[in-house]
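2 protein chains.
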Amino acid sequence: MFGLMQEGQLTLDALLSHAARWHGGTEVVWNDNQGARHRTVYADCLGRAKQVSNALLAAGIRLGDRIGTLGWNSAQHFEAWYGTVAIGAVCHTLNPRLLPDQIGYLVRHAGNRVIFADSACLSILETILPACPMVEQVIFFDDETICLIDGSAVSVDGFSAWIGRHGADCDWGGFDERTAAGLCYTSGTTGNPKGVLYSHRSNYLHSLITCQADGLNLASTDTVLLLVPMYHANAWGLVYSAPMAGARLVLPGQRVDGATLYELIESEGVTFAAGVPTVWQGLLKYCRETGSRLTRLKRAVVAGSVCPETIVREFLEHDVEVLHAWGMTEASPLATLSSPDREVAAMPLDDRIRYSLKQGRTLPGVDLKLTDDHGRRLPHDGRTPGRLHVKGETIVGAYFGQEDIAILDGEGFFDTGDIATIDHRGYMQITDRAKDVIKSGGEWISSVDLETIALGHPKAELCAVIGVPHPKWDERPLLLMKLKGGAVATAEEILAYLDGKIAKWWMPDEVRFVDEIPLGATGKIDKKKLRDSHST
Amino acid sequence: MFGLMQEGQLTLDALLSHAARWHGGTEVVWNDNQGARHRTVYADCLGRAKQVSNALLAAGIRLGDRIGTLGWNSAQHFEAWYGTVAIGAVCHTLNPRLLPDQIGYLVRHAGNRVIFADSACLSILETILPACPMVEQVIFFDDETICLIDGSAVSVDGFSAWIGRHGADCDWGGFDERTAAGLCYTSGTTGNPKGVLYSHRSNYLHSLITCQADGLNLASTDTVLLLVPMYHANAWGLVYSAPMAGARLVLPGQRVDGATLYELIESEGVTFAAGVPTVWQGLLKYCRETGSRLTRLKRAVVAGSVCPETIVREFLEHDVEVLHAWGMTEASPLATLSSPDREVAAMPLDDRIRYSLKQGRTLPGVDLKLTDDHGRRLPHDGRTPGRLHVKGETIVGAYFGQEDIAILDGEGFFDTGDIATIDHRGYMQITDRAKDVIKSGGEWISSVDLETIALGHPKAELCAVIGVPHPKWDERPLLLMKLKGGAVATAEEILAYLDGKIAKWWMPDEVRFVDEIPLGATGKIDKKKLRDSHST
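Residue numbers (the numbering used here), protein chains in the order written: chain A, 1169 to 1704; chain B, 1169 to 1704.
Just chain A, same shape as in the assembly (with noise of 0.2 Å):
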């Protein structure tokens, strides 16, 4: 017997639909690229999407089309963003950072007709588009750049002229929750990126989910400043829980730098941000070295890699709490994060922070597991490291044109690749990456549990723990360290240094000085080469 209520389903559109009926004159801000200041409001974005969604249409973009966005955070950007997604078209958001080989690749992978871009990837455009023939049009969502692109036979347009040929009148939704709306490849450091396919219904559930009070915790009373780019990892969800929030939205462009930042947040009134450590890192700098006061903050979330103690307390000098997030792009992003129970907000100061520098508890409706390497459930003791599997609405099952792999285990969970401890109060805390984990006679080691412990002694720069194949232990840890400039160092007196800190069974059985430490794209230890280059 089914319930007697009203059916409707979960599509996106009706988020934007809410915050243009119910705070309809709340304020959309956005720096450009050069740095100026513009203004509009829900009631308006609404409309300018609307004219976007009949352009597409009048394109012949239906139900399914990929659409790609290559550019930073603007109005433009979220209006074409919901002007894709309300008619079942779906978001593919582009990282320009990337190099254009692999934008084409991903162009060319998710098969994008139309592309709307900043006029600052022109360059980009015109290295990749003649490798991708299916591209018919692209939109430069800053007007006054409007170009042809040399060697495409592309359609281009400014993006105020493009949609101004269009009414605002347009039939949103009406389509199944379980339609697609997103698509954000991950950046894989082995083979190519993965496509996640998001639904409507996973990312309505995202958005109801992570705003929670233990989680974002967004309300109407906030200024929310998505600092996080719109292509990285579904803009945490952002894009769609701020105005199902209400919230003012302020959109900071190519532009973030501490200064910029700081003023931006001052000027505006920002009490809620989000953003990686090291573009929190640059804001307190600028704080530090000019005497400047966070006057508006009130939350600051840290995800995308692991927060620094620093952060946390020179944010807590200006009275701004730290909320740190874990998530991936496979879980819509965000699956934990550290908000305080009701034991850990009573604790000391230093006791909390501790608790904030872990990855956190997870919401209701994303469920955590560890396993060991054969899939055996292992305790949640704080102590025993496992493979962090997780499973919810909001978590991926299956890759984009990879239908066909199956990548859940039997339980329906989907392995993150990281390596974790959960406490008895739901607290993870990610101790590797699964790759990067050493195992030594059965028991794993953390890798980045050593690094972080041999980076206190006072002449490292930069350390780096890779297992090195061993006959009887299977693997033992090597330590690779940078000295800072001009230091020299024994390996006698690092391990000295560790003896002590750490389990006996956890001493590197060699320590070996080099001159760099080579760096990923995304500024992580590339270990992969490290280990092709260090496992003799």
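Treat the hints loosely; a few may be bogus.
[What the hints assert, rightly or not] Reference listing, derived: stretches of chain A covered by chain B, where coverage requires no fewer than 3 residues with Cβ under 8 Å from a Cβ of chain B:
#	region
1	1407-1415
2	1526-1533
3	1563-1576
4	1625-1632
[What the hints assert, rightly or not] Some chain B residues flagged as far from chain A (calculated, every beta-carbon gap over 12 Å):
#	residue
5	Asp1337
6	Gln1422
7	Ser1701
[Unchecked claim] A few chain A residues that don't get close to chain B, going by computed Cβ distances all over 12 Å:
#	residue
8	Arg1265
9	Cys1379
10	Asp1540
11	Ile1670
Hints in this document: simulated from the structure, not taken from any laboratory. Nothing here was measured: the structure is a model prediction, and the numbers come from that model. We put the beta carbon where it would ideally sit given N, CA and C, even for glycine.
Based on these hints, arrange chain B on the given structure of chain A.
Okay, now just chain B, sitting in the frame of chain A:
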């Protein structure tokens, strides 16, 4: 093209499973009907709820069967509720304060084969069971009073003994999220009560929607006092939303007098509580008379009827924030909340209080509209009253047993039967019941507003305004007034008092002084009876 995310069903068993898995040590505390305190934790609730499921399955209960509950708020009631819905049976909450004949009607209409009950309801059961042959089994929540029911052949058992014969392993969920989960009847003032049949999906979404920051904003740091009875309007959704948030849960049993409540709130550290105005008035009166201060409570949700301003001001003296909410059984039940938006939050205190007394703003997923009697939309100008309609997946689509009667308009909206205004900020304010509003010369006069203003006269104890037929204006207002003991007044002095406080055309054509103003079962003025005796 569908997205490629994991496919699950939004079934309500997941909410208690989530609480047990991630907040397993969090307490559920309850007073029994004698006022004695008991405590358990979510992990143990889950085990007992699974035993309930197994016991129901052993009794032949299957998907779609309706299970009655007749009792006050206790852990057993909570566990029986989850044990029922988690196997796809329907939890039908019965209000012990109804007349036995009404309860009997509901049991028969719903077809309850099993009833869970407090032993305090024994005499009700003895009265109704002879005429309810479909009832096979009664399970008393309080074990110490296992008893036979006179004049009935039903099987009787105590909760602990009954579930004790079954294990705590039970596969929950696994059915369609549109499956019916709850059945709650409206206490209609005319005709027989109508049943609202909630689905798993509608209740799950209601939990996510109402827990947003501008909604109930429940966190795992909260201790929630479920003051509203579980039989009242789907317990305002808190049976689902409290465990979803991982909040500590306090269930008060039958005794909710001021002294008992004060002790419960202070000793258990209640931070959040939800109840009707009369219960709050009892608590505040106790505080006033004993000079007691509420030191733990942070937020009080007031709903069920209009919130008097004195409640808001008195709570403020205790640093308790009042959240005025509006809803109805047909809306799961919460539809709007009077949380402050950006502009209201910045207003002076008196203005903020004025806004907090409105019924408030809608949350994402619930749409509102105002229309005239012909279904034409009216403006959101804060002045024009109209019939209030609601739409969304948490709103009723049809009544149970009356599936063939259409209750939605062409746009899919449900007519609430209330008259309201909506201002440009989206704040809705109920001005009348549609059947009580006075239609004079094509315009509407709010009987509620007139009563409130007339009640300001120092000699007035109780006022009622009804419309009486008029040859030219269709209806004109008649003011009925009960004077305070010993007071004497003339119609002229009452009308002179109203002059200048209301629009000229609102002025009652007549004032009648009466000895009594009849009240209905829920304490509201019985205007039907007044119209019957005063319309000529």
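Do the hints match the structure? See the list:
1. 1407-1415: holds (count 3)
2. 1526-1533: holds (count 4)
3. 1563-1576: holds (count 8)
4. 1625-1632: violated (count 0)
5. Asp1337: Given a closest Cβ separation of 16 Å, the condition holds.
6. Gln1422: Given a closest Cβ separation of 28 Å, the condition holds.
7. Ser1701: 37 Å, holds
8. Arg1265: 25 Å, holds
9. Cys1379: 5 Å, violated
10. Asp1540: 20 Å, holds
11. Ile1670: 31 Å, holds
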